[in-house]
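Undergrad: With the sequences and hints as input, model every part of the structure.
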Amino acid sequence: MLTVTHYTVLSAILFSIGALAVLIRRNPLIMFMGIELMLNAVNLAFVAFARYLNNMDGQVFVFIVLTVAAAEVAVGLALVVAIFRARENVDVDEIDALKG
Amino acid sequence: MSQMLWLIPALPLVGAIINGAIGKRLPRAMSAWLAVLMVTASFGVSVLAVLNLVALPEDARVIHETLYQWVGVGSFSANVAFWLDPLSAVMILVVTGVGALIHIYSVGYMAHEEDYARFFAAMNLFAFAMLTLVLADNYLLMYLGWEGVGVCSYLLIGFWFNRDSVAVGTDEKFLSPRSSATKAFVVNRIGDFGFMLGVILMFWTFGSLAFEDVFQGAETMFQVGAPVITIMTLLLFMGATGKSAQVPLYIWLPDAMAGPTPVSALIHAATMVTAGVYMVARSHVLYELAPTTLAVVAVIGTLTAFIAATIALVQNDLKRVLAFSTVSQLGYMFFALGVSAFSAGIFHLMTHAFFKALLFLAAGAVMHAMNEMIDMRRLGGLRKYMPITFATFLVGALALSGFPLFSGFFSKDEILAKGFAHGEVGLWAVSVVTALMTAFYTFRAVILTFGGKPRWKEGEIVTAQDEDEHSGHGARGLHPHEAPPVMWVPLAVLAVLAAFGGFIGLPHVLGTNYFDQFLEPVFQQPHVEISETLEWTLIAISTAAALVGMFIAFRFYRGSSTAPARLTSYYPWLYNLWVNKYWVDQFYDFAVARPGRWLANAFWVDVDGRIINGIADGLGRTFKNVGQSLRSLHAGYMRGYALAMLIGIVVVIAIVVMRP
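Order-wise, the sequence lines are chains L and V.
First residue of the first sequence? That's 1 in our numbering, and the numbers climb one at a time after it.
First residue of the second sequence? That's 1 in our numbering, and the numbers climb one at a time after it.
The hints are simulated quantities; they were obtained by calculation from the structure and are not laboratory data.
Think of the CB as a built atom: it goes at the ideal place given N, C-alpha and C, for glycine as much as any other residue.
Careful: at least some of the hints might be erroneous.
[Stated by the list, open to error] Residues from chain V shown here face chain L by an in silico Cβ test under 10 Å; the list is partial: (1) R631; (2) H634; (3) A635.
[Claimed, not checked] What follows is a list of derived Cβ distance ranges for each label pair: (4) L/T3 - V/S632: 45 to 53 Å; (5) L/I30 - V/S632: 25 to 33 Å; (6) V/A635 - L/N54: 47 to 55 Å; (7) L/G76 - V/A635: 16 to 24 Å; (8) V/R659 - L/I30: 34 to 42 Å; (9) V/R659 - L/E88: 43 to 51 Å; (10) V/S632 - L/L66: 46 to 54 Å.
TA: Laid out in structure tokens, this is it:
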């Protein structure tokens with residue numbers, strides 16, 4: 001029997017993998033994947049708790065998160081393309097124009 | 001026809017605006033004659049207005065004209081409105097009449113001046129402000145004119161602001177025009193502050209500043225000697241001591257001589273300095289409710305007359321003799337006001353405007369002829385070179401001395417008689433001694449300037465400046481000559497007024513005092529009866545004082561008398577006291593100006609420079625330093641930011657979750 005705990009633990013593991021991907025990879029595309037993974041980990045938790053608490057609010061939130069994620073990826077990929085055009089290189093460690 | 005009072009101040013204002021805006025581009029003659037035209041037109045309108053006024057029955061002689069509401073706040077309201085009664089009628093005729101003559105004279109006097117448009121703009125602006133002052137129907141509008149004449153006085157004293165000294169061919173040290181203008185302005189501000197407080201107190205007490213309301217309110221609400229009225233009148237009188245150069249604020253007037261001579265004649269002799277006299281006479285209802293203030297006015301007036309006359313005895317600069325004489329004569333006017341002889345004070349104001357403007361303009365003609373040099377020790381013998389100027393100056397001097405039948409004789413005699421009749425015998429005696437000194441210093445000036453042998457040489461170079469600057473036309477040596485007609489005609493007109501102007505105010509024993517009758521509806525004073533014997537005696541005494549003063553002057557300065565030098569060596573302390581003007585300037589410098597400058601300096605360097613600026617700079621430096629030390633956190637390393645964000649979020653969530 002799968003309890004809400006299993007879903008929560010899975011969600012936490014997925015979130016951590018996503019966070020690690022964002023933190024240690026230098027390729028912005030991989031970092032986006034990490035961000036997507038984190039968002040979907042949260043979605044999983046939402047859905048699990050919605051089912052557990054018999055409250056549909058969580059499922060509604062998932063749709064909002066999906067929409068935001070799509071918009072965020074569109075903007076993010078546009079930025080990546082723009083940066084690539086300008087610098088022929090998208091290594092995030094080299095994008096440091098705002099260095100203090 | 002009744003709605004034309006506003007034209008009287010408006011015409012000079014138009015002249016001032018035109019000359020101020022485009023005067024520099026106008027031909028010189030147009031700019032100058034425009035100014036003359038405006039003041040003369042204003043004089044014409046004034047005459048018409050006064051004729052209208054006289055046509056009214058005697059007890060209803062007021063023309064009241066409201067232009068528009070100027071200030072309306074809550075229950076307070078002040079209008080731009082003009083009030084013509086016999087008192088302001090005298091004032092507007094003097095201001096525009098004498099003003100027009102002085103403007104005409106200025107056309108000749110300023111003929112070689114570069115900046116003539118600025119001069120005439122300021123002169124017209126002055127006429128506007130002065131006419132506003134005397135025609136106002138309330139104290140607020142009067143205050144506007146009061147400050148306006150102060151500003152114009154400042155502008156015109158400092159007319160030659162780029163010169164360090166205007167004294168020529170003398171070893172005496174005078175303030176520069178800049179400093180003189182500042183001094184006049186600052187000293188006047190002290191007085192004006194009192195005036196302003198007085199006006200505020202008046203509004204507090206009566207809820208209105210209109211003459212009608214204030215005077216009616218004062219008569220119905222207060223008894224004679226009410227403390228509020230006493231304080232109010234003392235504050236107003238403080239304004240008068242500044243504007244009219246009375247003790248203790250008279251010190252600015254002698255230095256105001258740094259301005260062009262027509263300015264000295266118009267502003268610092270005939271009109272502006274009499275604003276205080278006019279204001280006190282205008283407020284006579286209040287002053288008569290405050291006997292204490294009247295006593296103060298009388299004492300201050302007499303004291304000023306005496307002190308200024310003693311200083312005038314030993315001045316070497318012709319214009320400064322006249323300046324101290326003006327202070328002294330203003331003192332007479334205040335003495336008259338102080339003994340409730342308001343019409344006598346205004347009468348002397350009028351005759352003084354005639355003869356003192358005349359004396360100043362004649363002195364200006366001398367300056368014109370002598371390459372600006374007016375140190376009397378280097379003049380002399382000018383009567384042969386400039387006979388018209390000499391004749392007119394002599395008329396002015398006789399009037400100022402109180403020589404019988406000249407205008408000053410009647411007005412001064414009336415003041416002395418009224419003072420005596422009022423019971424102020426002590427002050428009367430001081431005034432008689434002052435009259436003697438007046439005759440002495442006036443004729444000292446006449447003899448030193450026009451009499452005797454020249455103490456200068458034909459073709460002599462007075463200053464190095466004349467040699468250098470005019471090298472193009474050859475050196476400008478001394479070649480005294482009579483003034484051009486544009487200058488001597490106004491002198492002649494003023495001489496006629498100074499000689500015969502007194503006949504409208506004859507003493508009781510000689511005829512009718514039309515002047516007193518004309519002002520009767522304003523002042524409504526009970527007639528003080530004095531016996532004919534007493535009146536003749538008083539006339540004899542003041543005549544004797546004038547003649548004795550003149551006689552001593554002739555004995556001292558005709559020929560080569562050593563009397564002045566001997567007297568100086570007998571009483572060196574007295575001579576030093578007078579020649580140093582009682583060290584009042586030095587005292588003020590020590591007691592007021594120096595602490596003031598020290599305080600200002602302390603505020604500037606320490607408070608503003610160190611503390612305020614230190615706080616502002618310190619704040620800026622703090623943030624700069626903090627930013628500097630924090631900038632290393634921003635490495636521009638994106639994954640660093642991501643990690644920081646993650647840690648931050650984890651910490652925040654941990655705190656929220658762990659919270660009990």
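Undergrad: State for each hint whether it applies.
TA: Here is how each hint holds up against the structure:
1. R631: holds, 4 Å
2. H634: V/H634 check passes; min Cβ-Cβ to chain L is 3 Å, inside 10 Å.
3. A635: holds, 6 Å
4. L/T3 - V/S632: 45 to 53 Å: holds, 48 Å
5. L/I30 - V/S632: 25 to 33 Å: holds, 28 Å
6. V/A635 - L/N54: 47 to 55 Å: Holds, at about 48 Å.
7. L/G76 - V/A635: 16 to 24 Å: Taking Cβ atoms as reference, L/G76 and V/A635 lie about 22 Å apart, which means the hint holds.
8. V/R659 - L/I30: 34 to 42 Å: Since the Cβ atoms of V/R659 and L/I30 sit about 36 Å apart, the hinted range of 34 to 42 Å holds.
9. V/R659 - L/E88: 43 to 51 Å: holds, 50 Å
10. V/S632 - L/L66: 46 to 54 Å: violated, 40 Å
Checked against the numbered hints above, the structure breaks only hint 10 and satisfies the rest.
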